[in-house]
Amino acid sequence: MTTALQIASAVNAGTSARVAVTAALVKAKADTTNAIIRVHEARALAAADAVDARIKAGEQLPLAGVPIAIKDNLNLQGVEVTACSKILKGYIAPYTATAVERLEAAGAIVVATTNMDEFAMGSSNENSAYGPVKNPVDPTRIPGGSSGGSAAAVAAGIVPLALGSDTGGSIRQPASLCGVVGLKPSYGTVSRYGLIAYGSSLDQIGPLSTTVADTAVALQVMAGKDPRDSTSADRDATGIGSLPADARAALKGLRVGYVAAHEEGLAPGVRARLTAAKEALTAAGAVLVPVTLPHERFAIAVYYILATGEASSNLSRFDGIRYGHRTDSATTLSEVYGKSRVEGFGAEVQRRIMLGTYVLSTGYYDAYYKKAQQVRRKICDDYANAFASCDVLLGPASPTTAFKVGEKTSDPLQMYLSDIFTIATNLAGVPGISVPFGTDEQGLPVGMQLQAPIGNDQRLLAAAAGIEALAL
Amino acid sequence: MSEYEAVIGLEVHCQLATRTKMFTGATCDFGREPNSQVDVVTLGLPGALPVVNGQAVELAVRAALSLNGTVAEHSKFDRKHYFYPDLPKGYQISQFDEPYCTGGSITIELEGGGTKVIRLTRIHMEEDAGKLIHQDGGKWSEVDLNRAGTPLIEIVSDPDLRSAQEAYAYLVELKRSLKWVGVSDCEMQEGSLRCDANVSIRPVGQAKFGTRCEIKNLNSFRAVEAAIEHEIRQQVALHKAGRYHEVVQCTKLWDPDLKTTKVMRTKENAADYRYFPDPDLPALVIPAARVEAIRSAMPELPQIREARFQSQYALERAAAKELTAESPIADYFEALIAAGCPAKLAANWTREEAIRLANDQHKPLTVAAPLPIMAELILLVANNKVARVVAKAECSELFASGQKPEAYFTAKDQIQVQDTAALAALVAQAIAQEAKVVEDIRSGKLSAAGRLVGVSMKLSGGKFNPNDVKAELAKQLGVAL
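So the sequence lines, in the order shown, correspond to chains A and B.
When the letters of the first sequence are read in order and numbered with the numbering used here, they come out as residues -9 to 462.
When the letters of the second sequence are read in order and numbered with the numbering used here, they come out as residues 2 to 482.
Hints are computed from structural coordinates only; laboratory data are not their basis.
Incorrect hints may have been included.
Said to hold, decoys possible - Simulated pairs of lysine-lysine, BS3-like, Cα-Cα distance not exceeding 27 Å:
id, chain 1, residue 1, chain 2, residue 2
1, B, LYS263, B, LYS117
2, B, LYS117, B, LYS132
3, B, LYS322, B, LYS413
4, B, LYS117, B, LYS140
5, B, LYS260, B, LYS132
6, B, LYS393, B, LYS464
7, B, LYS209, B, LYS81
8, B, LYS413, B, LYS446
9, B, LYS77, B, LYS117
10, A, LYS360, B, LYS81
11, B, LYS364, B, LYS322
12, B, LYS209, B, LYS241
13, B, LYS77, A, LYS368
14, B, LYS322, B, LYS117
15, B, LYS81, B, LYS263
16, B, LYS117, A, LYS360
17, B, LYS263, B, LYS217
18, B, LYS268, A, LYS360
19, B, LYS405, B, LYS322
20, B, LYS393, B, LYS322
21, B, LYS393, B, LYS405
22, B, LYS413, B, LYS464
23, B, LYS437, B, LYS413
24, A, LYS361, B, LYS81
25, B, LYS77, A, LYS215
26, B, LYS132, A, LYS329
27, B, LYS140, A, LYS329
28, A, LYS361, B, LYS117
29, A, LYS398, A, LYS76
30, B, LYS364, A, LYS329
Only a predicted model underlies this, so the values are computations on that prediction, with no experimental measurement involved.
Isolated chain A (complex conformation):
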């Protein structure tokens, strides 16, 4: 498949942006995985012409004419955006998210919106008002979630680059299960302005692509302070996406930390690939360093308190008053709220709102939310201690490869455990990336996760490019 950088290079050299965009539109319309829920043909073609005009006028754009797909929780002006929830059906965004705006300014063209778990709550893309997404590698299996549509769209070759959002693994886990690259940047690297919030202190927008180089260029374009997001970091983003000329050679001397406990409970195929990755890294001259993250075992518990608490608050605005679904059968104001929300939100979203409402309630706040915040700080400290002796952390992105559609839908706790390796990353705010590293015995993709200290996205990408080179 053609990469984003290859397309941009051709368009910058004079090939019409319409070529790649039209091809992507055709594939998006022919999608059989349900990854694509909306195609923006007219808008994309007009944007392609605008990019052509800019190139003709002498501009060179890092993502010239690159067709991209965006997750349905990113605002795009004039386009329906629903977070795959019935409650937002028909809602047209009046503005564009900063991350998307920056990609478009760099020449990228949004051709489609991708499926997702409703409000980014899920690990299998089965919680969508638009129905589940099939994994392009095996249509009987889930693609992971919540950015399942974006991962599947890239894996199916519809687009070379897609945007997802990651609150507890929602980019990295589906990337791992679909066999693509998926990056969750450091908290604050990419503006959240225009991202429909799930857990505000955890959410980050990130790219999914077939190569680390494509992800790096997308991050370079999106990164940097946004005055409209108070939590976007003041860090200098210059060179954040620059990769070493020889990524494999750059692994020499890199101190790669790993947590021995991560090997327990891994699916055998995943475990075999983790061992292979460690061996390949050693052979390439990297130094493996055992580290511990003593509080990581609380990560899932902490996450489901903090994320649901924030979500219960963030989703209060969906009240049926100003936009979105409003019930037909209310006779009182209280019923407008209750019925609109019960009719509009899916089961998992309602479950998390109730959980979040509970943990923030007077009398329970200290025992749950406050305590979870304290443990979160311990997890941050663990990472700081671990990174004192290593440059990056290596581990699995998911304990298993892609599971069957319907396999875990009846057991939320089992589903929550699919994010066991990705959640602590968000709690600590550090960057994490999943890079394809072969397949299991059934031929299903396995992703290796790398993590780096907060603000060291460039270091993470460089190491990821090294792993990518080793996987070839």
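Position chain B relative to chain A; hints supplied.
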């Protein structure tokens, strides 16, 4: 009442006079077309994020400093949740357990003389909600979000107030301070100042507080006073009747027409606001250096200026207070002094004429009574060139004419003259005219002399100084006046 004591605390919401909203760039002008002052943040659209308005923080700090509060270097914003159509996000951004300002005080004057210090518990920043306009007898409602997101500070007093009159005095003093430093226009009618009162009673000598009721919907200082008096009367009556248990902790609404309250909600059905730190906003850091910079850019505070006016210009307390009711008045007064006017005269003319002209015309002092004209007028009086009574009588017409005072009075032939021969003749004429009055004076009724001075002045067309007239009268009549 004497065996009971009221315990009152006030919560005052004050709209900060910013150009834009607390967390977004939408403007917050009053009285505009409904839903014209809104943007994606105000509407709580999906994906919109708040950004703190630096001007709001600056004004909030000014307010804190003007009320002697301590500004915290670190504070945070929290979300307060409830569902209502005028609250777009389903939560209000406020400050819960770490307000930006703690402490502070307001000194009020007591009716019987003396002063009392009312302590402040805290001041915090928050955003306002929108408004519902109920239609068709409450069958349906329209939502106007123009006000939603407007920056507010909430000033919470300790329960230090003991009467409705003290509460009134507290509000007057609070408004003086906040207006003075430019924090807010403090117009209760426009909702830029709102007050809730917490009222309880207890028998004198009892240390424990009684059960308090919170009264809302108070839309003027007089309403605050009336509602508190009403509530105190009601609670005292219940206590005297042995039915104090009927006083339950609740929120009441004041009805300004019926002059009574009705219960809105009781404690049992109080909402759980589920406060938690807003993850969209980092901790609010106000470095000490910024606080000092704001402090040093603040004008001299009204209480300090009031005291200075008394000591520096030997003014009575009442005069000093009136001249420091608002900073433009104080500035006007001191500008007259800078122009060479004697303090007493400057104070009198500001209080008696300039303020009256400004109020009559609904214009600023310096427009209704331009400083150069007022200063010249006062100096004419001070230098005995125009009689005070004449100046007073002509004042409105003079300012309306826009003429320079000396030219104005010259044209009217009202400039006083120093011609002693003419004065003697004039006084002699007055004595001749008013034989009866002269007889009274000679028989010891010295107070009748005022009448003779008046007649003389009238005969002169106001051209002589009344003191000179009086002296000449004394001389000609051979009495000491």
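Please flag the earlier hints that this structure goes against, numbers listed from lowest up. Those not satisfied are hints 1, 2, 3, 4, 7, 8, 9, 16, 19, 23, 28 and 30.
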